[in-house]
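K.L.:
Dock chain Z against chain U, hints included.
Heads up: the sequence lines are chains U and Z, in that order.
For the first sequence, position 69 (counting from the first letter as 1) is numbered 74 according to my numbering, and the numbering increases by one without interruption.
For the second sequence, position 207 (counting from the first letter as 1) is numbered 253 according to my numbering, and the numbering increases by one without interruption.
No lab work stands behind these hints, which were simulated from the structure alone.
A couple of the hints might just be wrong.
As the list claims (entries may be wrong) - Quick list of in silico lysine-lysine cross-link-like pairs, BS3-like style, CA-CA up to 27 Å: (1) Z:Lys134 with U:Lys319; (2) Z:Lys68 with Z:Lys106; (3) Z:Lys138 with U:Lys336; (4) U:Lys336 with Z:Lys191.
What the hints assert, rightly or not - Sample of chain U residues lacking proximity to chain Z, with all beta carbon distances greater than 12 Å (derived): (5) Gly17; (6) Pro27; (7) Gly62; (8) Leu87; (9) Ser121; (10) Gly134; (11) Leu225; (12) Asn320; (13) Lys323.
Every residue gets a Cβ at the ideal spot worked out from N, C-alpha and C, and that includes glycine.
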Amino acid sequence: MINRIKIKNLKGIKEGELDLFPLTILLGSNNSGKTTILEALFLASNPFRKVPYFDKGKNLLAVEVLQLMHETLKAEGFAFLLHRYIAQQAEIDCNVNSENYILKFIKDSGYIYISSNRKIPKENIDIRGKGIVPSIGHLSLFNNELHIHFGLFLVDKSLLISPDLIKVGYNYLEKNWASIINMGVCRKVAEESSTLSNESYKDITIEPFLGGKLSIYAYLEDGTRIRLGDLGEGIQSYIITRILYEVEGPSIVLWDDVESHFNPKILFKISNWFGDLLDEGKQIVLTTHSLEAARIIGEINEEKAGIYLINLDKNILKTKKITLEEIEEFKEAGIDVRVADSMLL
Amino acid sequence: MKLFPLDPTSRTASNISTISRKIKINVVVQSGFFDSIVIISNGSPDDIVFGILSFHSDGKELVGIVKPPRITRIAVLDIIKTYLLKLKPRIKKMLILMDQEEDNLNDIFDKCKRRLIKNNISITKEEEELRLKTYDCKYVDREFKIILVINGLDEIDVKKHRIEDHLIKAACLFLKDFKPKVNDSKKAWESLGKRQQIDILRMLKERKKRSTFNIFSAF
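Pulled out of the complex, with its shape left as it was, chain U reads as follows (with noise of 0.2 Å):
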């Protein structure tokens, strides 16, 4: 389990740190660093592991995940993993088991060169003014070139869940739905999702669209079948996280904006499922910015859960740890914690 997490330079991040729980869940407005925080913990793992579920024509490295949730600024280049774009250095510093793993994010002569404090078997790289480091890797500033030296594991793994994501995610599942359905997840998936729904789902499988093309069906008691893509995006979502769930084992879960699409009934539904996550030592970091999402979530294992309101003043994270009774103690007094956060931080 990652105990903290540090950032420094990191996006929109200059500096920052964060005691972490078995689940930590992040209230914020917009733009108060959630996202980066999920980020940082991504890529803590080595942002040159491959991350099998992105399929986009071939599995992208973890860093090449948030060049993709970052497409619409159409800047190619991981410049923007360095603060405000100009940053000498970035770092990613997490704590676990009173070890910390820390990743520099070193920019020198066009790149931007990864080195870790662990020792690394392969090569080292000579930075201006760094000397040698172990690195990691490097990463164009401009372009998308990369190069990876180790791509094994520094900390443990984690599964990212993001509304940009889920239809990469589907990809995926199509892609290797041979190797999936033979995990035997499907029929349990289907049947729990039945309970999200008016309709009654047996089994989960692929088969010719329109056209001819495959396609993911929820097959329903009657016999009939359902294309995922036609079932509502909370479903759809739901589905496809609990596939790939049991696809990659994660040990830490990391959903940004966990409401998302969803109503109370799913959002129950997936407090559950963390829940039980929770019990097999499972560590959820997730953001929100639903309150009721926070207290739903929250509230299925308060001892292991720790709430945080989040925000940057001047791009310095500012956080506050809370509590379910003091967000209904500001409600009660007619406060909204997502609102009045530069009030209580």
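P.N.:
The following block gives chain Z in isolation, referenced to the frame of chain U:
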């Protein structure tokens, strides 16, 4: 004066935003620093009226505005410690807007005083003027002022005095032939159509500051 609703999803926030847009008073802001808050203890149309009075209050001063959702009137004094202790800016002033209803003014002021003391808030100084009472208070190391404004007009012959007394007075001034038939200012205000209500609120906005404040005599 600009108003910062501390819960933008609340009825109070949407009521003020709606009237702000309809009669163009532009009093709502979504961010900024403040050290005073307005507590609307009775809901609507108190919030709307306060929006118009804010428009007439000159300056760019920013105040937070809240309506505690489940409590009304004197009970709001039970939660002021939340504003004092949990908000990062030190709150120096709290203006509490409260309907008189059937109570005698002195009884309300007495009840409020007792409620503050019950909440371990000590009162170091009191000043009274018509329907307004100011308490200089202290709680732990926090010194702050509570300004209690009691809505209602004695000249309006009703059983329960409310903010609608003032609106009915405005309606009688602005609308020809308007004679409230019931001795309940809330019902009389509600008997007006939405359009007439907006017209009256617009006229309150467009009148000179002094004459509008005369209608809301406590301010």
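K.L.:
Hint by hint, say whether it matches the structure.
P.N.:
Do the hints match the structure? See the list:
1. The suggested pairing of Z:Lys134 with U:Lys319 holds, with an alpha-carbon distance near 17 Å, which does not exceed 27 Å.
2. Distance restraint check for Z:Lys68 and Z:Lys106: the Cα-Cα separation of roughly 21 Å lies within the 27 Å cut-off, and the hinted pair is therefore satisfied.
3. Of the pairs offered as hints, the one joining Z:Lys138 and U:Lys336 holds, with about 21 Å between alpha carbons and a cut-off of 27 Å not exceeded.
4. A threshold of 27 Å between alpha carbons decides the hint, and for U:Lys336 with Z:Lys191 the separation of about 23 Å falls inside it, so the pair holds.
5. Listed as a non-interface residue, U:Gly17 keeps its Cβ farther than 12 Å from every Cβ of chain Z; the least gap is roughly 17 Å.
6. Taking the minimum C-beta to C-beta distance to chain Z, about 27 Å, the non-interface status of U:Pro27 holds against the 12 Å cut.
7. Residue-level check passed: U:Gly62 sits 43 Å from the nearest beta carbon of chain Z, beyond 12 Å.
8. Against chain Z, the non-interface label of U:Leu87 holds: every CB pair exceeds 12 Å, the least being about 28 Å.
9. Residue placement check: U:Ser121 keeps its beta carbon more than 12 Å from all beta carbons of chain Z (closest about 37 Å).
10. Taking the minimum C-beta to C-beta distance to chain Z, about 40 Å, the non-interface status of U:Gly134 holds against the 12 Å cut.
11. Under the 12 Å C-beta cut-off, the non-interface status given to U:Leu225 relative to chain Z holds; the minimum distance is some 38 Å.
12. For U:Asn320, the condition that its CB be more than 12 Å from all CB atoms of chain Z holds, with the nearest at approximately 17 Å.
13. Annotated as non-interface, U:Lys323 brings its C-beta within 12 Å of a C-beta of chain Z; the closest such distance is 10 Å.
The structure fails to meet hint 13 from the earlier list, while all remaining hints are met.
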